[in-house]
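Novice: So the protein sequences, as listed, match chains H and L. Going by our numbering, the first sequence opens with residue 1, and the numbers climb by one from there. Going by our numbering, the second sequence opens with residue 508, and the numbers climb by one from there.
Keep in mind that the hints were calculated from the coordinates and are not lab data. Quantities reported herein were computed from a predicted structural model and do not represent experimental measurements. Do not rely on the hints blindly, as some may be mistaken.
Facing chain H, from chain L, some residues (calculated, C-beta under 10 Å) [stated by the list, open to error]:
| id | residue |
| --- | --- |
| 1 | V557 |
| 2 | A571 |
| 3 | C629 |
| 4 | G634 |
Glycine residues also receive a C-beta, built at the ideal position from the N, C-alpha and C atoms.
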Amino acid sequence: MMSAASLRTMLDDGQPVTKHHPWPRVIVTAELWNALLDGLASSDWTMLGLWGEIGMAHLALYEDSSETIIVASLSCPDGRFPSVGRIHSPAQRLERTMADLIGLQPIGAPDYRPWLDHGCWPVRHPLGAATAPTGMRSPYRFLPAEGESLHQIPVGPVHAGIIEPGHFRFTANGETVVRLEQRLGYVHKGIESLLSGATIDQAARWLGRVSGDSTVAYALAFVRAVEAATKTVVPDRAHWLRALMAELERLANHCGDIGAICNDAAFALMLAHCAVLREKILRASAECFGHRLLMDCIVPGGVIADLSVDGVKTVRALMAELRRDFPPLVELYDNTASLQDRTVNTGFVRPALIKQFGCGGTIGRAGGRAFDARRWPGYPPYDQLTFETPLLTDSDVNARVWLRIHEVQQSLHLIEQILQQLPMGPVYMELNRPGQICEGMALIEGFRGDILVWLRLNADNTVARCHPRDPSWFQWPLLEAAIENNIVADFPICNKSFNGSYSGHDL
Amino acid sequence: MRKLLLQNLLQSPLTIPPPPPSEAALTELAAKINRATQRRLGRSLSIRQVDAGSCNGCELEIHALNNAFYDLERFGFHIVASPRHADVLLVTGPVTVNMKEALERTYAATPDPKWVVAVGDCGRDGGVFAGSYACVGGISAVIPVDLHIPGCPPTPMQLLQGLLALLQAQESR
Ligand code: SF4
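Construct all of the structure, not just a fragment, from the sequences and the given hints.
Specialist: Structural data, given as structure tokens:
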């Protein structure tokens, strides 16, 4: 283990970038970059993100012991940088993406296969030199799995349900999965390219559609990054209303997920009831803010509409209903042994792997990793609210169900506090226009885990570069590990207990 | 214990909900869909949902059609797992370049007669993603579309209304 202040001390040797908020960004030499990678492998640091732009690679790191977040940037004018994935496997898919989108080459990377680029786009390196594609695309090489009596089951991209597309290649020995290899990228929409050059308002609409189920969390991450960059102080009431929306979104998704996981164990009763709760939450959301999923309700500078007196009543009534209707469902889950027979010990993920990947959200906290961005780095108004961060260690499907149950209870508690303490005042504030290039960053706890948004604004307040990093980046790979030695038939329930975002990942 | 619980739960109004009384519109729709569906297809219409690059917002609302409030199946609509069983493809998203082939193949795998409903603003013309190098933009750029249901995402009510409109359009052909 390195000493507590090591990350900060190491980066003292770098060249700090001014106008990057709220955490520091430093330009590092290749030597320092390599030293950071060694640190990543041997210390308690977590990689929060890895992204690039033409001529530069950015690595966001978090040091647990000193609660430090830092972005290290390596200039790579020749388009090559020392691979992070070589030492730290969670970086591999991100690096393959950097190579696909920007043309940055991770030197020494263990895997050079394309990731999001399936060879069909009309352009190569759309975020980089954007050249015309050349030559024939070669078929994707799946990793070999060799052994006696192994067989392969290819699944997707179109799945048998109302679900996003992705490809899963199972290698099985009879019933037992020996290896799962994912191939994603099917829903890549080119969002990062759209964002470059967009106005802040346009960008906010795209950010709200990176992953529809997390539209509030993404919008919040984006506006907080913008507000950090432009040093805009939004009114208090806006913070509180944003938190209300974020908790409504968390409630709706957790209710939906609890039902859907149980449904994948053929326990449809739970789905039926949870879906009703979810619907009630969406209706209340629409009543209060005008959109069932609360899309575009959080805007740079505040929120789109204030919560009326009737809105407060609506949310209060919703809370009372949930307080009445949710506990019997918890009891039902708790008392249904046949259901737990499917969830207990299924889809176990090693806590060490969760830690290494910096896997957040329900998967992380069901596997012993306590990280919750609402608590740290934290953002208003959570510092004025009391809530627990539920933590479990079993790291199986059952733990992930329970974690969601506990988080529903916490969200109810949070919303009640928000209604009680909601300050009065305006809900919107015009953004500052610094008139110069500035950068901002935010880390927000969505229902799925921590969402990172990093951006640079031009002097005219348009977006120069914006990178949203979905929590799924560090969760999808763990699903490959979770399904190993489980039976093929348990894949749906494992997958649902993860509920990774395809759209958020593919961008 | 569990039996008791189940009984309690089953007796609650949630389990067998009539369309909520406040929703006259929904009830009205229900009657219309019943008559029209029956005229055209007897009692059932199988729907296969295809995500051709959506942000997953549209999927959430399509899911909601199955909850007790909307209870899609009472109208004779049934969501099926394979295009081979489907009468209707319910397609979302701006058709990402990476999903184009899968969408074409899903369409080819659906037996005739078949209808395609493009869901959401993305499904109509690419929506907010129109113009991206990674999106074809609109379902009808790839396969023939019979109906567009706008919205971002369309609400379950709009989806129900759209499915009804599809039936009426087919009738008048
Ligand atoms: S129409 Fe809106 S909700 Fe539907 S996929 Fe497009 S962006 Fe998402």
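Novice: Would you mind marking each hint as holding or not holding in the structure?
Specialist: Now for the hints, and whether the structure bears them out:
Checking V557(L) against chain H: minimum C-beta separation of about 6 Å stays under 10 Å; hint holds. A hinted interface residue such as A571(L) counts as satisfied when its beta carbon comes closer than 10 Å to some beta carbon of chain H; here the least separation is about 6 Å, so the hint holds. For the restraint placing C629(L) at the interface with chain H, the shortest Cβ-Cβ distance is roughly 9 Å, inside the 10 Å limit, so the hint holds. The interface hint given for G634(L) holds, since its Cβ lies 8 Å from the closest Cβ of chain H, which is under the 10 Å cut-off.
Figure legend: structure checked against the earlier numbered hints; every hint is met.
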